[in-house]
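**Student:** Sequence:
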Amino acid sequence: MKASIKQISEITGFSPATISNALNHKKGVNRNTANTIFQVAKEIGYISENKISKIKLVIYKRNGLIIDDSPFFSVLLKGVENECTASGYELVMCNLDRDAPDYKEQVAAIMSDASTGVILLGTELLDDEYPIFMNGSCPMVLLDSWSSNFPMNAVLINNADSAVNAVQYLIHRGHRKIGYLRGRFRIKAFTSRSTGYSRALMKNGIPMDNEYVFTVSTTMDGAYRDMRDYLEKKPAMPTAFFADDDMIALGCIKAFEEYGYRVPEDISVIGFDDLPFCEISTPRLTTIKVSKYEMGQMAVRRLIELIKDGNNKIHTKTQVCTELIERDSVADLRFAAPKGGK
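Residue numbers for the sequence shown follow my numbering, beginning at 31 and rising by one.
FYI, nobody ran anything at the bench for these hints, they're computed from the structure.
Note that the structure is a prediction, hence the values are computed from the model and not measured.
Treat each hint with caution, since some may be false.
Estimated spans, in silico, between C-beta atoms of each pair [as the list claims (entries may be wrong)]:
#, residue 1, residue 2, range
1, Ala-266, Glu-309, 29 to 35 angstroms
2, Cys-124, Gly-235, 47 to 53 angstroms
3, Ile-201, Asp-132, 48 to 54 angstroms
4, Pro-101, Tyr-289, 23 to 29 angstroms
5, Asn-54, Pro-131, 40 to 46 angstroms
6, Ser-104, Arg-216, 19 to 25 angstroms
Straight-line alpha carbon distances no greater than 20 angstroms define the calculated SDA-like cross-link-like pairs of lysine to any residue that follow [claimed, not checked]:
#, residue 1, residue 2
7, Lys-319, Thr-348
8, Lys-81, Lys-338
9, Lys-218, Leu-156
10, Lys-218, Phe-103
11, Lys-347, Met-164
12, Lys-347, Asn-179
13, Lys-338, Ser-117
14, Lys-108, Lys-319
15, Lys-91, Met-141
16, Lys-86, Glu-335
17, Lys-91, Ala-190
18, Lys-134, Asp-158
Where is the CB? At the ideal position from N, CA and C, for every residue including glycine.
Can you make the complete structure from the sequences, with help from the hints?
**Tutor:** Right, dumping it as structure tokens:
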């Protein structure tokens, strides 16, 4: 007799509707109930053993300078985890270290496992690393990265436009000498933000002055130390800075204040990410808010679409818009009296 939902119902005691919902990974089915239904469905041959019921979150690290230092990613990964649970998929997490001696073997094993769907956290992924992840036998979604050279499904921040909005805000507040706190490790997100910074200046007829571009470490402590080194040389300073992210912004603000610069009275700073401690820093940091949790959810939902559809020929790039959060670290120069005036 051919296996059926009715037979699974007779064995498990669950209703056909519950069984159908569980097998289609719909919300509202208890996890233990779903596990029981899948186990029986496999035992009687209703579904094959290789049907995808697991999602593997692969955390790629080129050097860990971004991933390891920022609380940004704990919120992002929580979104992935909770959406997997809500959708009835088991989540498996693994770290993939670019410098590991068996790195290529690890990638091959991940990409050849047709029993799992893969979400690749590619924040630290650079262009030269994309080819090794192409042509795998498992459905995959790239999270927090993108390459225009390779067709991949991806969910990422709208980095360039978000940077334009940040710099435009500084210009709207009367700033014309606008610097850039540039992360030394040039992940693709930072490259896109740099493009947005330049585009906003050009759009407003403001020349980009390389004298106001300061390249610093991407950790908070590293950015603080590097900025101290710059300030020792007494460089020319702009009235405002756009920073690649909040970690850089906060590290540099600490250095500014130690060297006698008041934020925002002397130097304004705008960050990117809206990390939790931006609200409690002194001054509170004006920044670009990223919907981190929702990005994780969206990556899971797109992967489930690929799993269910089975057609991986059409690739989509989903760019998540951001929101400017106005706090205390940007001065309004529009009504400031000129120096030397009353």
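**Student:** A separate judgement is required for each hint: does it hold in the structure or not?
**Tutor:** Cross-check of the supplied hints:
no.: 1; hint: Ala-266 <-> Glu-309: 29 to 35 angstroms; in the structure: holds (32 angstroms)
no.: 2; hint: Cys-124 <-> Gly-235: 47 to 53 angstroms; in the structure: holds (49 angstroms)
no.: 3; hint: Ile-201 <-> Asp-132: 48 to 54 angstroms; in the structure: holds (50 angstroms)
no.: 4; hint: Pro-101 <-> Tyr-289: 23 to 29 angstroms; in the structure: holds (27 angstroms)
no.: 5; hint: Asn-54 <-> Pro-131: 40 to 46 angstroms; in the structure: holds (42 angstroms)
no.: 6; hint: Ser-104 <-> Arg-216: 19 to 25 angstroms; in the structure: holds (24 angstroms)
no.: 7; hint: Lys-319 <-> Thr-348; in the structure: holds (17 angstroms)
no.: 8; hint: Lys-81 <-> Lys-338; in the structure: holds (10 angstroms)
no.: 9; hint: Lys-218 <-> Leu-156; in the structure: holds (7 angstroms)
no.: 10; hint: Lys-218 <-> Phe-103; in the structure: holds (16 angstroms)
no.: 11; hint: Lys-347 <-> Met-164; in the structure: holds (16 angstroms)
no.: 12; hint: Lys-347 <-> Asn-179; in the structure: holds (13 angstroms)
no.: 13; hint: Lys-338 <-> Ser-117; in the structure: holds (12 angstroms)
no.: 14; hint: Lys-108 <-> Lys-319; in the structure: holds (17 angstroms)
no.: 15; hint: Lys-91 <-> Met-141; in the structure: holds (17 angstroms)
no.: 16; hint: Lys-86 <-> Glu-335; in the structure: holds (15 angstroms)
no.: 17; hint: Lys-91 <-> Ala-190; in the structure: violated (23 angstroms)
no.: 18; hint: Lys-134 <-> Asp-158; in the structure: holds (14 angstroms)
This entry does not satisfy hint 17, going by the numbered hints stated previously; all others are met.
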